[in-house]
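> Following the hints, position chain B against chain A.
From first to last, the protein sequence lines are chains A and B.
Per the numbering used here, the first sequence starts with residue 1, numbered consecutively.
Per the numbering used here, the second sequence starts with residue 408, numbered consecutively.
Hints in this document: simulated from the structure, not taken from any laboratory.
Quantities reported herein were computed from a predicted structural model and do not represent experimental measurements.
A couple of the hints might just be wrong.
Stated by the list, open to error - In the SDA-like style, the derived pairs of lysine to any residue whose C-alpha atoms are separated by at most 25 angstroms in a straight line are:
1) Lys309/A / Ser471/B
2) Lys415/B / Met83/A
3) Lys138/A / Lys192/A
4) Lys309/A / Tyr462/B
Said to hold, decoys possible - Partner residues are not named here, just some residues of chain A that face chain B (Cβ under 8 angstroms, in silico):
5) Tyr15
6) Asn49
7) Gly68
8) Phe126
Beta carbons: idealized from backbone N, C-alpha and C, even for Gly.
Here's the letter readout for the chains.
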Amino acid sequence: MNVYDKYLPPLISDYSALHLLFFDRSVTLILLSPGGCNHPTREVDEYRNFENTKQYTTKLNDAHITIGIENFITKNALENIDMDSDFFVILGTSITNIIGTNLMDISKKIERIMNKPVLYFNTSAFKSYSKILSEAYKKMYPYICKSQNDDNNKIKVNIIGYNSIVNGHEKFLEKILELLKHKEIELCLDGKNNIKNVDNKLSKDAKISLVLSEEGISLAEQLEKEFQVPYEKILPLLTKGVFDLYKIIEDYCGITYKITQQHKNREEIIIDNRKKILIIGEPFFILNLKKYLFLEFGISQISLMCLFKKRELIAKFTDEEYDQIKFTIDEKQVTNNLNLADVIIADPLIKEVFHQVYDKFFILLPFLGLSGREYADINYDYIGIEGFNYFKKELKRTGVVIENEKI
Amino acid sequence: MIIEKTVKKNSFDELIALALSKPNIYVIAIGPPGCIRVLFFRAMRANLLNKFFAYAINELDVISGDYQKKVSDYIIKIKEDKPEMKGLIIYTSCSEIITGMNFDKVIYDIYKRCRLKVKIFNRGPLAKRKELPRKKIKEILKEFDECL
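Just chain A, same shape as in the assembly (with noise of 0.2 angstroms):
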């Protein structure tokens, strides 16, 4: 057996993925449903409240499904819609998926009656999220960057990426855009609308994209290729990555940061080595965790696992990078390396599922893509000064940080 069919649900689909990514950009979403599909993103993987947003969904009966959904795409269908938005998003579900619904048909028609451009994506809940958005960074470029060139003179930093799946709450990018205000620099987010006093879109001009997740990269190489803004991958876990990230944009944009005491390096500190840590969650956050705790604290006896089949990444991972990681749904497995570790740091979901880590050390890091919303507002950090506190408040408990005096 493996782990999804005995212990866990399935992760997050794909069009529930979506939704959670146009959540809080300036689109109008409708998924095609007989309309129960929305459950999963209603109840389980959407933290934030959907009242604000431009989210449909569809009731297709036996009519739509024999006849065909694309002849009742009507402007009486469409009249109550909000178009107060850039373009549309239509997705599909498993019956479209079943039914062999032409999703571009469909999404030309509402583009002639709405006059509103529209991507669709042939979503389908038999995938998970990595490929589905790694697309939709790519498709949604055009409406997320700036068409002129800006007119003040701030040096553009794009931050690219930032998605509640991989990267948790949405809190921990607000941290991110704080730590990075800087007077001369102009933060520009990929579109997302909710945040203050940064651009909300991606400029051509940036002289560097931050990518904080690998389904961002599709939307940072397409800057690369078309503007020529290079960009870097950079997940600023605790201290020592909020150091990387000033780093980097020091080097790309020629400015300083004025470094607080609390972002200076760290003496080493002593570390119990023998304690077997294993990291449990999504690869990019694990790998660069893995790095940091490592870099932090010193500790290196750190294992790192997916439950996921390779193959749903979209990871372009070096290969050293990939046989850090030991990708596996099996059951055997899974359960052989949770005994073999002495401390564990993964999704709430883990703990509450295996009994193999009743007597361990937990450490509690919610993944999103895991375990939706279940977990997401729980007290836990992992950026900056709060992060490094996290972990080594946690990391004292289960005994790993066996002496602290120096920090």
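Showing chain B alone in chain A's frame:
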């Protein structure tokens, strides 16, 4: 065609809680992964995860329309793991309804192999209902009475 605004909802866990309310009666949800995900969390929120199983079908299963054997084998494995299980409700999804998936063979095969009684509950908006889902679940549970 009706198009409705999508709004946030709390969990609809009453139905799965009802289906799992009888001792030794278990539930297995069958359907595309994206459809059965929500049922896992409903069962979890009702503290009934130990009696809930899921079988995710893939696109190839739908095309071939022939996954009864795989479902049967999977249920037999569950029965081996949970010998106390006396009855099982198969929650189907729209995919099974639209492809006309016939579970009679599964019900027969399971009963023949391990004497486990299996009932079908067609869920989702495409299920043709003459009665409310809650009433249907109650009827199914009543039918299990004789094997408890």
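> If a hint holds in the structure, say so; if it doesn't, say that too.
Status of each hint after checking the structure:
1. Lys309/A / Ser471/B: holds, 23 angstroms
2. Lys415/B / Met83/A: holds, 21 angstroms
3. Lys138/A / Lys192/A: holds, 15 angstroms
4. Lys309/A / Tyr462/B: Distance ~17 angstroms between Lys309/A and Tyr462/B Cα, so the pair holds.
5. Tyr15: holds, 7 angstroms
6. Asn49: holds, 6 angstroms
7. Gly68: violated, 11 angstroms
8. Phe126: holds, 5 angstroms
Checked against the numbered hints given earlier, this structure breaks only hint 7.
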